[in-house]
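Colleague: The chain contents come next:
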Amino acid sequence: MSRMLNLVQAINEALDLKLADDPRVVLLGEDIGKNGGVFRATDGLLEKYGEERVIDTPLAESAIIGTSIGMAVNGLIPVPEIQFLAFIFPALDQLFSHVARMRYRSQGQFPVPMTIRTPYGAGIHGPELHAESVESFFAHTPGLKVVVPSGPYDAKGLLISAIEDPDPVVFLEPTKLYRAFREEVSEGLYRVPIGKAKRVREGEDVSVFAWGSMLRTALKVAESLERERGFACDVIDLRTLYPLDRDAIVESVQKTGRAVVVHEAHKTAGLGAEIVSLINEEALLYLRAPVKRIAGFDVPVPFFALEDEYMPTEARIRAGIEETITF
Amino acid sequence: MLAEHDRAERLMEIAKAEGLYEEIHLLKEDGTLAGPVDDIPPEVMVAMYRHMVFSRAFDRKAIALQRQGRIGTYAPFEGQEAAQVASAMALAPEDFVFPSYRDHAATMVLGQSPAHVLLYWSGRVEGIRSPEGRHILPPSVPIATHVLHAVGAAWASRHRKENAVSIAYFGDGATSEGDFHEALNFAGVFHLPVIFFCQNNGYAISVPFSRQSASRTIAQRAIAYDIVGVRVDGNDAFAVYRAVKEARSRALHGLGPTLIEAVTFRMGAHTTADDPTRYRDQKAVVEDWRKRDPIVRLRLYLESQKLWSEADEAKLQDEVKRRVEAAVEEALAIAPPDMEMMFDHVYAEEPWHLAAEREEYRRTREGVSV
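Residue numbers (my numbering), protein chains in the order written: chain Z, 1 to 327; chain V, 1001 to 1370.
Treat the hints loosely; a few may be bogus.
Listed below are the simulated BS3-like cross-link pairs for lysine-lysine, each with C-alpha atoms no more than 30 Å apart in a straight line [stated by the list, open to error]:
1) K1161(V) / K1283(V)
2) K1028(V) / K1245(V)
3) K1028(V) / K1283(V)
4) K1283(V) / K1321(V)
5) K48(Z) / K1161(V)
6) K1161(V) / K34(Z)
Listed next, the stretches of chain Z that the computed footprint assigns to chain V, with coverage defined by at least 3 CB atoms under 8 Å from CB atoms of chain V [to be verified]:
7) 73-83
8) 98-104
9) 146-154
Which bits of chain V does chain Z cover? Going by a derived footprint, with three or more residues having C-beta under 8 Å, they are [to be verified]:
10) 1154-1160
11) 1267-1279
Simulated from the structure, these hints should not be mistaken for laboratory data.
The beta-carbon is built from N, C-alpha and C at its ideal position, and this holds for glycine as well.
Work out the full structure, taking the sequences as your base and the hints as a guide.
Modeller: This is how it looks when you write it as structure tokens:
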């Protein structure tokens, strides 16, 4: 059985199912209990599982991640929520110095399985520092996995996989997509594997790599380009940003000979650079054009009156793909 | 403006006059008691003494090994033996222990092998494995971060209805970090079974406590979070032991966390890379604190109670010397590491890119050209 759910409902269902399925799973974060989370991702879970398992914490992000580490080394599977991605900055010491390294430092003696959920990205016209897209910080940190769903079905399956993963996962939920659309989501527990990208549109002319809310925008552009100019895009939703799905990236580029990476994070040292390098290492001789990056500009994410133009627009993505194909 | 030291002394006098977190003493410097110690079995007292004597010998040996270039930088703990040994002896095997990098006297009491401690300071990750049947986390290098881990582990213990507490070991410098405050706050809000064990050894590298905080004591921070705060003479093994025992008992009875400030002194340098004469009159302060030596007073007491003799002492010194030498031999005899172990345990399962890097390393380490 499946129903039409939006992304935030799919997240809620994944959490609900894992709380029911595994007594070790504990949620903690700011306003996640009584309030059900500022985006309602945890709506109804406090009532269902009680305040020992769905914990409204004081307002302290370092403590949310720091205590999650202690819980994890002592047998629980914490799923901390950071209210907005930029609010994780006070907790980066915990994340980089401990979450990512505890398994390594203890040579496997104290793994810290946890899934850090946080809304990320621009597009909902929030206040300053509610729209960051700093996934490359985490993708530069050995020991972490970084997962980004771009739709409700994947969101549920990936979150279940993340909670079941023996390693810590930074799970980035595209804020813009929480209620943007609905799709068929199966009932019950199912998994979408971490580390596997997904081809969402088949094409021969150019590979387009994207994730999160940019996947939707890139897909729209691909559709109109095919309709209007007959260009066929091979659109790949990366879904896991660390470790990347090398095979999916390389196979697609070997087929198309051209590639465009679209991300809303800043361009410089963004994940696009890593994907370009991977293509350079593994598929250079297949290329018929330079690999293009369409990214957020290298400015601090601006106040929301300018936000829509900061993010790669359909026009920019379209121009980038056209330039690459007609190079 | 008063000199900082005078100001701190003056404020401490006021604190004492107010009866605010007065330092608890049981065993005085001359080896006599300040109060009854019926709750501490004589065999525990003797065991404490033995551990403390061993720890000091080990510590001095480690410094010597560093000087000889046989281990890396080392963080000595001489002067803090009572705080570390007595607190560790008050714990149970099921407890979770979150040490800093200067708490080896405590972790060795809990079963960590001295050879492993030397390995840790030789840059060998094998040196921080928790002994079987214990939960000793690797020493935390970023200051105060692990205080939050102890809170989380205590949370899990309560969640799983286990009869265990967590203890975090940290110094006075850590109390200036935000994580320390967040930890006290979380533990207070959720009444968690955790012990915050602060060894106030006077200095965070070069910065004295008077420059670390305007608080007269560390224990008084407990007031703000409405948790129990205790200030003990950290060179008094009996006072420390009782404070931790009581804190543990409160924690297990659902009465929440305790902040213990054990007032002690780091006799030596911050690490072997540090020169304390740059920031304090090392000779004078050490002379002053020698009078408060934790080991001397415990021996005086044990002798007065006929629990210890010259013959016991001679035997112990002999044994300690042998154990320290054995630890050194064991540590130095370890085979050099297989360099490839740097790729191990990053993840439960090795991802493709790490496998590729491991392969690259294997292929090129012998300098084989393509």
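Colleague: Hints first: check each against the structure and report whether it holds.
Modeller: Taking the hints in turn, this is what the structure says about them:
A hinted pair counts as satisfied when its Cα atoms are at most 30 Å apart, and K1161(V) with K1283(V) does not qualify at roughly 51 Å. This hinted pair checks out: K1028(V) and K1245(V) have alpha carbons roughly 20 Å apart, not beyond 30 Å. In summary, the hint linking K1028(V) to K1283(V) is supported, as the alpha carbons are separated by about 23 Å, within the 30 Å threshold. Distance hint between K1283(V) and K1321(V) is fulfilled; the C-alpha atoms sit about 27 Å from each other, no more than 30 Å.
As the CA atoms of K48(Z) and K1161(V) are separated by approximately 20 Å, the hinted pair is consistent with the 30 Å bound. Using a Cα cut-off of 30 Å, the hinted pair K1161(V) and K34(Z) holds, with the two alpha carbons roughly 25 Å apart. Taking a C-beta to C-beta cut-off of 8 Å, the segment 73-83 of chain Z contributes 5 residues in contact with chain V, enough for the three needed, and the coverage statement holds. For the segment 98-104 of chain Z, the stated coverage by chain V holds: 4 residues have a C-beta nearer than 8 Å to a C-beta of that chain, and at least 3 were required.
Evaluation of the coverage hint for the segment 146-154 of chain Z: breached, as 0 residues show C-beta separations to chain V shorter than 8 Å, against a requirement of three. Residues of the segment 1154-1160 of chain V with a Cβ under 8 Å from some Cβ of chain Z number 6, which satisfies the need for three, so the listed coverage holds. For the segment 1267-1279 of chain V, the proposed coverage by chain Z is not satisfied: 0 residues have a C-beta within less than 8 Å of a C-beta in that chain, short of the threshold of three.
Hints 1, 9 and 11 from the earlier list are contradicted by this structure; the remaining hints agree with it.
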